[in-house]
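Peer 1: Residue-level listing of the chains:
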Amino acid sequence: MAEKFDLQEREVWDGNYAASQALRQARVDVVAAYPITPSTPIVENYGAYVANGYIDGEFVMVESEHAAMSACVGASAAGGRVSTATSSQGFALMVEVLYQASGMRLPIVLNVVNRALASPLNVRGDHSDMYLGRDSGWIQMGAFNSQEAYDLALCAFKIGENHSVRLPVMVHQDGFITSHTAQNVYPLSDEVAYNFVGDIDPVDDMLDFSRPVTYGAQTEEDWHFEHKAKQHKALMDARPVIDEVFEEFEKISGRKYKRVESYMMDDAEIAIVALGTTVETARVAATELREEGIKAGVVAIRVFRPFPLDQVRDALENVKSVAVLDRSAPGGAMGAFFNEVSAALYSTASRPLVTNYIYGLGGRDFAVSEAKRIFMEQKANADAGHITTDIQQFSGLRGPHLGFFQTKRS
Amino acid sequence: MAITSIKNLKEFSTNNDRFEGAHTLCPGCAHSMIVRELMNCTDDNLVITTNTGCLEVSTAVYPFTSWDTSWMHIGFENAASAAGGAEAMYKARKKKGTLKDPDSPVKFVAFGGDGSTFDIGFQWLSGAFERGHDFTYICLDNENYANTGGQRSSATPIGATTSTAQAGTHSYGKKEKKKDIVAIMAAHGAPYVAQLAPNKWKSMAKGFQKALETEGPCFINTVSPCCTEWRFDPKDTINITDLATDSLMFPIYEIIDGHELNILYRPKNVISVEDYLGAQGRYKHLFKPEYRHVIDEIQKGVDEYWEMLQRREEARV
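Just so you know, the sequences run in chain order A and B. Sequential numbering of the first sequence, starting at 0, is according to numbering that gives the first Met the number 0. Sequential numbering of the second sequence, starting at 0, is according to numbering that gives the first Met the number 0.
Among the hints, a few may not be true.
[What the hints assert, rightly or not] Mimicking BS3-like on lysine-lysine, the simulated pairs with C-alpha atoms at most 27 Å apart in a straight line are:
| id | chain 1 | residue 1 | chain 2 | residue 2 |
| --- | --- | --- | --- | --- |
| 1 | B | Lys174 | B | Lys94 |
| 2 | A | Lys3 | B | Lys6 |
| 3 | B | Lys205 | B | Lys9 |
| 4 | B | Lys90 | A | Lys3 |
| 5 | A | Lys3 | B | Lys93 |
| 6 | B | Lys95 | A | Lys3 |
| 7 | B | Lys201 | B | Lys267 |
| 8 | B | Lys209 | B | Lys94 |
| 9 | A | Lys294 | A | Lys255 |
Keep in mind that the hints were calculated from the coordinates and are not lab data.
Kindly produce the complete structure, drawing on both the sequences and the hints.
Peer 2: Dropping the structure here:
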């Protein structure tokens, strides 16, 4: 590296800048990217670090997101550290190649700044794009603020490049709410950060000609099933590695991460389960309700893939009523996140009541007051011993209440 | 730079065999000849990416591989992007000193059929050329989507019958002219663009060598006769290729730096396109009296194109 980048003990960074600093400190070799709001500054900043000699690397500005991920696949197979960023339609365009990256077991890190999918066109944040990637075989982690966007981006390289994992990793943050909001961030020094991530030790390096490799072979019914089974096993086996990396990160930063993070859940009777920035909003609401003697808690899913089914069940099995918040249009069904959490709870003995709230689509604000209202509906359910509202409702929608899948017991 | 002698066919054909013959391409398919001519013309290390198509599905059927070099299949459209990414990583690692064998030369090559080159992958190809990656893109042009059973592509010539542009009582087959991919790629300002044919093995090997040695993105379109969809006997692949080059349906030429055009093969006796068309089942219907005008149109197009190539060569512009 040519020059030193001067970092203070405390910086004021937005989530995009935080993610880009992680790329610089991890000394990413190749970034291939195509711009899309709101993730663009991540790759622009990487380009600026290269242009100003703060990092040695290749910034490849391609002609589409599909080409960006394709170039990342080629670059990663050529044995170096690779990253990029995208959002929304760009993510959708990448989806075909996301499957190819994970099928080839390439540890690319993709910073996803979540944004709604058109139509109607909308640049603001929701999780429609995230769910589009949920079956693509990538590890998916969520940052709830700028600090976490930075921390998790560093952890992502260490997790994905671990030889027993060898999988691509997405780090999600909420469009504009995290990506464009400046917050206090406590960075690691360049040396500490790089020592944590470490040098990449590639497996099946296309530029090692002493051992030629064939990537992306053809399989039919004779082998395809076995390959996909092994890939699934690799994802499931990544769980303890993720935990270890989080523990190691805590030692150098003092910041503790878990795949599922419980807030005031020890004696909680009602709970909200959420992803992204909504977690912090729900935590504030729960804290305020506790002062009124209401036993509210929040369960945050930090690692969405591999899905932490056991931990979700453990966190929620003693509550009476649970609200699962989906920040994506459900498309004629229950919310995707609701389905996963409900599936985890079905096998518990207590089997809490579960309702599904669709909220915050296209960047609609999610306020503490709304979180409190959802908590209070859970309390009504808990007190009644059955669901007193519609099983699924749109929360924060203008106009008349929109509810679906009404319960017959109410 | 390791250029291999191409004076002697026996020596050339046995040099540096990095493509295993036990693949599952059709008997008589020209793809394997072209791949071997590429791999035998250089001793440099090769990183090869391949779009989805006949070549890919026939040479890396797990747990086997025909490729004794670094090889990747990614998708139908994006081998050019993957080659570009690998080439960018090569540059990054060379700068950082993390390559295992930093002194041995490495060349990047992408293969695509005409479907993935002319049609679905054209955006990715154009993007990679605009960015100037140092790689060679080779199009195996068999003028149809052979891997999916013979549908039209924008490389399919006028008058050919395909499963999606069928000849019948009311149709003479494909109505549109073949896309001029060589001109389009030359218009990118690429340092080396050529159209080659495997029967003219010396000019093909020399063209490959030029492309590999030239810095920047190079494009080569090669005719690759498809006995299955063109409907000829597998033993006749080279004969058909001879008819293709001698009728000037496939003129052999190169364009340097987007403008300097050189004709690489001038048939001593130019044959009529009828001789070429008549040797293939896909043009059989054109010999009915009502479709005579299509043959005339094809001949006219070939004559005009050959005239244009010669004028451009003379003009040296």
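Peer 1: Take the C-alpha atoms of Lys3 (chain A) and Lys93 (chain B), compute the straight-line distance between them, and say whether it is at most 27 Å.
Peer 2: holds (22 Å)
Peer 1: Between Lys201 (chain B) and Lys267 (chain B), is the straight-line Cα distance small enough, at 27 Å or below?
Peer 2: holds (17 Å)
Peer 1: Taken at face value, is the distance from the CA of Lys9 (chain B) to the CA of Lys205 (chain B) at most 27 Å?
Peer 2: Holds, at about 16 Å.
Peer 1: Next pair to validate is Lys95 (chain B) with Lys3 (chain A); report whether the Cα-Cα distance is within 27 Å.
Peer 2: Distance ~17 Å between Lys95 (chain B) and Lys3 (chain A) Cα, so the pair holds.
Peer 1: Between Lys294 (chain A) and Lys255 (chain A), does the CA-CA distance stay at or below 27 Å?
Peer 2: The hint holds at about 24 Å.
Peer 1: Under the criterion that the straight-line Cα-Cα distance not exceed 27 Å, is the pair Lys174 (chain B), Lys94 (chain B) satisfied?
Peer 2: Roughly 52 Å separates the two Cα atoms, so the pair is violated.
Peer 1: Keeping to a limit of 27 Å between CA atoms, is the pair of Lys3 (chain A) and Lys6 (chain B) held or broken?
Peer 2: Violated. Lys3 (chain A) to Lys6 (chain B) sits at ~55 Å, over the 27 Å cutoff.
Peer 1: Is Lys209 (chain B) close enough to Lys94 (chain B), meaning Cα to Cα at most 27 Å?
Peer 2: At roughly 26 Å apart (the allowed maximum being 27 Å), Lys94 (chain B) and Lys209 (chain B) satisfy the hint.
Peer 1: With a cut-off of 27 Å on the C-alpha distance, tell me whether Lys90 (chain B) and Lys3 (chain A) pass.
Peer 2: holds (22 Å)
In this structure, the earlier hints numbered 1, 2 are contradicted, and the remaining ones agree with it.
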